[in-house]
Structure formats: structure tokens, C-alpha cells
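Novice: Work out the full structure: start from the sequences and follow the hints.
First to last, the protein sequences are chains S and X. Residue numbers for the first sequence, in the working numbering: 1 to 337. Residue numbers for the second sequence, in the working numbering: 1 to 336.
In short, the hints are calculated from the structure, not lab data. As the structure is a prediction and not an experimental result, all values here were calculated from the model. Hints may be right or wrong, so weigh each one.
[As the list claims (entries may be wrong)] For lysine to aspartate or glutamate, the following EDC-like pairs were computed, each having C-alpha atoms within a straight-line distance of at most 16 Å:
1) X:Lys-269 with S:Glu-260
2) X:Lys-39 with X:Asp-229
3) X:Lys-39 with X:Asp-220
4) X:Lys-39 with X:Glu-11
5) X:Lys-269 with S:Glu-238
6) X:Lys-39 with X:Asp-209
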Amino acid sequence: MTAVPAIEVRNLRRVFRVRQGLFAEPRQVVAVDDVTFGVPTGSVLGVVGESGCGKSTLARLILGLLPPSAGDVLVDGKRLADLDRRARARLIQPVFQDPFASLNPRRRVKDIVGMPLAAQGDVAAAEMARRVAEMLARVGLSPEQGERYPAQLSGGQRQRVAIARALVLRPQIVVCDEPTSALDVSVQAQILNLLAALRRELGLTYLFISHNLAVVEHVASEVAVMYLGRIVERSESEALFRAPGHPYTRTLLASVLTPEPGLGVPDVGLGDVMPDPANIPPGCRFHPRCPQSFERCPREAPPAWATTGGFAECHLLEKPAPAAVAGAAASQRQLAR
Amino acid sequence: MSARSGPRGGEPLLDVRRLRVEFGGRTAAVRGASLSVSKGETHCLVGESGCGKSVTALAVMNLLARGARRQAEVLSFAGQDLLRLSDSRMSRLRGDRMAMIFQEPMTSLNPAYTVGSQMTEVLRRHRGTPRVQAVDRAAELLGRVGITAPGMRLGQYPHQLSGGLRQRVMIAMALMCDPELLVADEPTTALDVTVQAQILRLLAMLQRDLGLGILLITHDLGIVARVADRVSVMYAGEVVESAPTAELFAAPRHPYTRGLLSCVPAPGKTRREDPLGSIPGVVPRIPPGFQGCAFRDRCAHAAASCAAAVPRRPAGPDHEFLCTLPADWVRQEAAA
Numbered sequence: 001m002t003a004v005p006a007i008e009v010r011n012l013r014r015v016f017r018v019r020q021g022l023f024a025e026p027r028q029v030v031a032v033d034d035v036t037f038g039v040p041t042g043s044v045l046g047v048v049g050e051s052g053c054g055k056s057t058l059a060r061l062i063l064g065l066l067p068p069s070a071g072d073v074l075v076d077g078k079r080l081a082d083l084d085r086r087a088r089a090r091l092i093q094p095v096f097q098d099p100f101a102s103l104n105p106r107r108r109v110k111d112i113v114g115m116p117l118a119a120q121g122d123v124a125a126a127e128m129a130r131r132v133a134e135m136l137a138r139v140g141l142s143p144e145q146g147e148r149y150p151a152q153l154s155g156g157q158r159q160r161v162a163i164a165r166a167l168v169l170r171p172q173i174v175v176c177d178e179p180t181s182a183l184d185v186s187v188q189a190q191i192l193n194l195l196a197a198l199r200r201e202l203g204l205t206y207l208f209i210s211h212n213l214a215v216v217e218h219v220a221s222e223v224a225v226m227y228l229g230r231i232v233e234r235s236e237s238e239a240l241f242r243a244p245g246h247p248y249t250r251t252l253l254a255s256v257l258t259p260e261p262g263l264g265v266p267d268v269g270l271g272d273v274m275p276d277p278a279n280i281p282p283g284c285r286f287h288p289r290c291p292q293s294f295e296r297c298p299r300e301a302p303p304a305w306a307t308t309g310g311f312a313e314c315h316l317l318e319k320p321a322p323a324a325v326a327g328a329a330a331s332q333r334q335l336a337r
Numbered sequence: 001m002s003a004r005s006g007p008r009g010g011e012p013l014l015d016v017r018r019l020r021v022e023f024g025g026r027t028a029a030v031r032g033a034s035l036s037v038s039k040g041e042t043h044c045l046v047g048e049s050g051c052g053k054s055v056t057a058l059a060v061m062n063l064l065a066r067g068a069r070r071q072a073e074v075l076s077f078a079g080q081d082l083l084r085l086s087d088s089r090m091s092r093l094r095g096d097r098m099a100m101i102f103q104e105p106m107t108s109l110n111p112a113y114t115v116g117s118q119m120t121e122v123l124r125r126h127r128g129t130p131r132v133q134a135v136d137r138a139a140e141l142l143g144r145v146g147i148t149a150p151g152m153r154l155g156q157y158p159h160q161l162s163g164g165l166r167q168r169v170m171i172a173m174a175l176m177c178d179p180e181l182l183v184a185d186e187p188t189t190a191l192d193v194t195v196q197a198q199i200l201r202l203l204a205m206l207q208r209d210l211g212l213g214i215l216l217i218t219h220d221l222g223i224v225a226r227v228a229d230r231v232s233v234m235y236a237g238e239v240v241e242s243a244p245t246a247e248l249f250a251a252p253r254h255p256y257t258r259g260l261l262s263c264v265p266a267p268g269k270t271r272r273e274d275p276l277g278s279i280p281g282v283v284p285r286i287p288p289g290f291q292g293c294a295f296r297d298r299c300a301h302a303a304a305s306c307a308a309a310v311p312r313r314p315a316g317p318d319h320e321f322l323c324t325l326p327a328d329w330v331r332q333e334a335a336a
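Specialist: Structural data, given as C-alpha cells:
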């Protein structure tokens, strides 16, 4: 373990300009809003949130696929902006959701996996073949499967190809963006087990993005909860799932349908207001949907308050307890425990 | 959800026995699947992609693509034999007494028409209801599925709504004619977990109020556990296990069901760093005329006898599984 975090993100911000009609003024969508965090080497940071919360934009910023509007990304202590593409590729690699879209259908598996090596430009052909064969074996693909085209493989096998391609340069960090969301549960389990084994064997650090909280709980040592571009709660994984600090995290956890019969479907207590990244509410951005919102929430953006396992941005966590609605006071007591 | 009158007590609303669907004589998509849905019951059909669960739903609604062959010993809805029903009489039933909702609300709503005109069309077509009354009914149902300002929504086009709202519109549209049976194919798969919980609660509430029978097709065992009264697990075109929900999760018998349940990370049960259970291999493609158990190549308990016809074994009240193993094999194995 080094003191330098594998990934460090400082005041990262990304704004998109979108036009919603031919003559309409372009509007600003703040996809990632002043996000700061570090991921220690060898750990797994899970990032969760609903669609449109900015988690995939965050992944693309960290991979250097999108330039930030402001702020810095440091990978292994080096500013991403200072590295060229080859150096970046040796440090950090992605695994995306859809193995159907992310593999070139006209190339053989062994060529797809060898592409990052070829792009480096200084790896001899024999060395390349050796490293590709070794990586295919590591992810559980046979040399014979290396000769095939992606269309001849199942979804799970394709995701193995994507993982082999990501790891062939031996990067230290892998950004997994919904790596199992397109897969069946039995295949999902195979891939999650593979990712866990590879992390142990190769000492990898993962940024693991998923909308599936049960999966995140299984793989992540720390979890960041994103809502409309901000990390509203960050915590050590066990503490987060045991005692979530932010009302949004509680809502997300409550809506996970674990395979336990007889519990029914919980009332998550959200209205039908949908979060709109082009129209971020003032104050606490969750307040229009928050069941515990009080008069202060629309006026002031909450600072980060300490929780058992990290921090959460919520006024309810400030001590002493505010004279809020009855439900908020009760939850404050619950949080204090 | 409401109490269930068992399939053996009283006439089921939907009765499917030994359903077979083949495509062009090459692929047997459904191979003798049986299931029934009673009034007020939620029956979940669960399985992985390619197991034939959606094809089963489409076969019930007679919406299979041209070239598909549908056969069954029994396929009846509310006492009517659907196998002998003409296309025109079937299309009168569909959308009226039996309705279906699909996974992708964006592809099943017409982008060129307003929500209101699509919703009222159902009622005007099936019942000849005048426009004004149909609009009233549409507004009432939008309110019922939890949409605020229904009057405004009726004038909007599908692309102006969020995914959750579109799926609510689909549900409201399916309810326009007060159906007795709702077939829902992965109705929440494209939605966020928070919205999914809202939609499933809504379905449960509507079912309680209206006494709907629901055939819910899903790959998500969490949904099954929380909403189903009864579960059928489908694998390679067959129902390999069927049981009341609590029983299936407490005492699964088929090796495939057991494998599937072990794959799901469950907070409190599975531990980080411990590998999840997994089923080796992939779902096979089954040609017509296939003999024996389709799971045998992936099964840890496979024996030579699995290549012959597989018996359907009772494993308790209302609980059956399709396997050569004896009903108490799990206990025997634990004792050994």
C-alpha cells in the first residue's frame, strides 16, 4: 500500500450545453458538480445513483475520455491531463456495460485483446501473442475461443473478452461502468467472481459503477452515492448499508428488492418529481423528493457532516438537532445511535 | 397480495397446459410449459434470457410472430378455448378482458399520437365509448396510477414523459377496459430501482382493488420474492419448478432453481470477498425432438438417467419439480 491514492479527484466539474429545441437558448446541464474524493490503492469504490445522476460522466472524466470543465483527476499521483494516451492506457482501463457494443464485430477475439498492446507500438509480435494468450487464460477463455469473432460468443464470454482487453496492459486501475447490468444473474455471478479474483491476484483498484445496490454491497469496500452530479454521501461500505446517513441513501436502500419473500414492496416515499440535471433545485438538491425536507433545505446547500463511516450532505445530520418536523427528529435519534 | 384460490380449487382464470411453441421447425422455444393464474393471483414466470418466458406470454396473447407454431393441450381464458378462437375474436379479447404491458414503454407507445388519443382509442375501439367519456376514464386512470395533473399529461406526447411516467401510462392504458388478466413482461426492467418499487407497489394496489389476475414475467428473483403468490421457474422452454413463493425460496428442489438463488447477492446472506454461487456454462439452444433434461450439461447432479424422459415430481402441496432426483434429495444429501 502506498500513501498515494490510486485515483484522486479534486473539485471535478463537467458542464454540458444542450439545446432543447431549434430556437431555444442552450441550457446548462451540470452532470458532475464539484466532486472531490480519493480511492486508496487496492480498494473498490462503488458509485451508485439513479440514471442521470452523473455516474457515467464521472467514469468518462476519470478515464480521460471527456475533458473536465474544472478540477483535476490524478491517477497514481499523476495529473491525467499531463499524460499522453499511451501512458494513460497503461495506468487505467475501462470495462463497459454492453459487451455487444464495445467489441469490434469484425475482429477476432485475440486481436481485440491484443489491440491495446499494438497501440503501444513497442511490443514485439511474439511477446504480444504470449501476453494475449496468458490474459485469455486468466479470464477463463480457451485459445480456441481467441480465434472466434464476438458474435460467436455469449454475453458472459464477451464480457470476459472486454476484461481481458482492459487488463492486457496490466493497468493498476479499472473503471467498471455497469459491468454486469446486461447479463443474466447466473452469468453476472460468474463475472463478479472473476473480477474479485483478478483484483486479488493482480492487486487492482476498481471504481465500480452500478445501479444495483446488492451488487455494490457485494464488491465495494467504500460506496459513494451520487445525486444530480454530487456525491451526497460517501462511506465505508458496511456502515453505509447498516446505517445510511442521507435520506436519499435510505430511499435507495429501501427500494432494493432483496429475494426475501413476505416483505412486500416498500413504500419509498418519493413523489413523482423526477430529478432533472438541467434544472437542479436550489439548496439541497434532493429536497423536492425528500420525505424529511424542512424549511432550511430549499434555502441552503447542506455541508458535509460526519457519519459513522464517512460523510453525508444533509442538514439533518447537524448537531444539535434542528427543530424540524416530527419524522426528522425521530430519524435524527436513529442516526445518532 | 390477496389470498389465492388454488389451481385445483375452482376454475383458474388462465389455464395453460403443455404449451409448445416452435419457430420454423428449428428452435423449440417453449416445450410443454404448464401454468395457471387465478383471479386476484400474481403468478411470476422467472428465468434467464432465452428460456422462453416472453414467448409463453406472447403465445397466451396470440401475438407470436408469423412462422411460429403454437400447440397446447389446454389454453383457456375464463372458460374460453383460446386455441379455437378466430383472430378477430381474439383481438376483441386482447386489450379488453386480457391486457399486456411490455418492458420498453417507449417502443410500445406510438410517438406520433398524444397519450390521450392512444388511451381513449382502447375504449372507443372495444366498447364504442364516446370520446368525452373515454377522456374522462383516461384521466381517472392516470390519477389512479399516481400521475398528478392527468389533464395535462393526456395532451402530451410519449417523448415528453420520463420512463417511470411512460410505464404508468402503459399500465393505465392496459386498465382502460377493466381487464381480468394482466400479462406484464418485465414491466420495470428499464427503470431505476426507486421507480421500480413505486410501479410494483402500484400494481399490487390495483390488483387488490380490482381483483386482477397477473402473469408477471421477470428475470429478477427479488421482484419474484416480493410480489408473487406463486412462482414458475422456466429453463430452456420448460417449467422446471413451480411452487408457492415462500415455499420456493425456503425449499427449492430443482438444481437449476437452487443454482439461480445462490447467484443473487443478498445483503446479510452473501459476504463480500466470498464468491457468489454460479451456474457453469450457458443456456443451450434446444432443437425440436430433444430428449431428457435440458439442464443436465450444467448440473452437478446429472446422471445417465437424465438423458431419458424426466419425471415431474411432487414435492409438497402445490409444489412440483421436473427432475430425476427424489423429492427429498436435498435432505438426503445434507445427511450424507
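Novice: So, for every hint listed, does it hold in this structure?
Specialist: To see whether the hints hold, each was checked on the structure:
1. X:Lys-269 with S:Glu-260: 11 Å, holds
2. X:Lys-39 with X:Asp-229: 12 Å, holds
3. X:Lys-39 with X:Asp-220: 23 Å, violated
4. X:Lys-39 with X:Glu-11: 9 Å, holds
5. X:Lys-269 with S:Glu-238: Holds - the C-alpha atoms of Glu-238 (chain S) and Lys-269 (chain X) are around 14 Å apart, at most 16 Å.
6. X:Lys-39 with X:Asp-209: 12 Å, holds
The structure does not agree with numbered hint 3 stated previously, though it agrees with all others.
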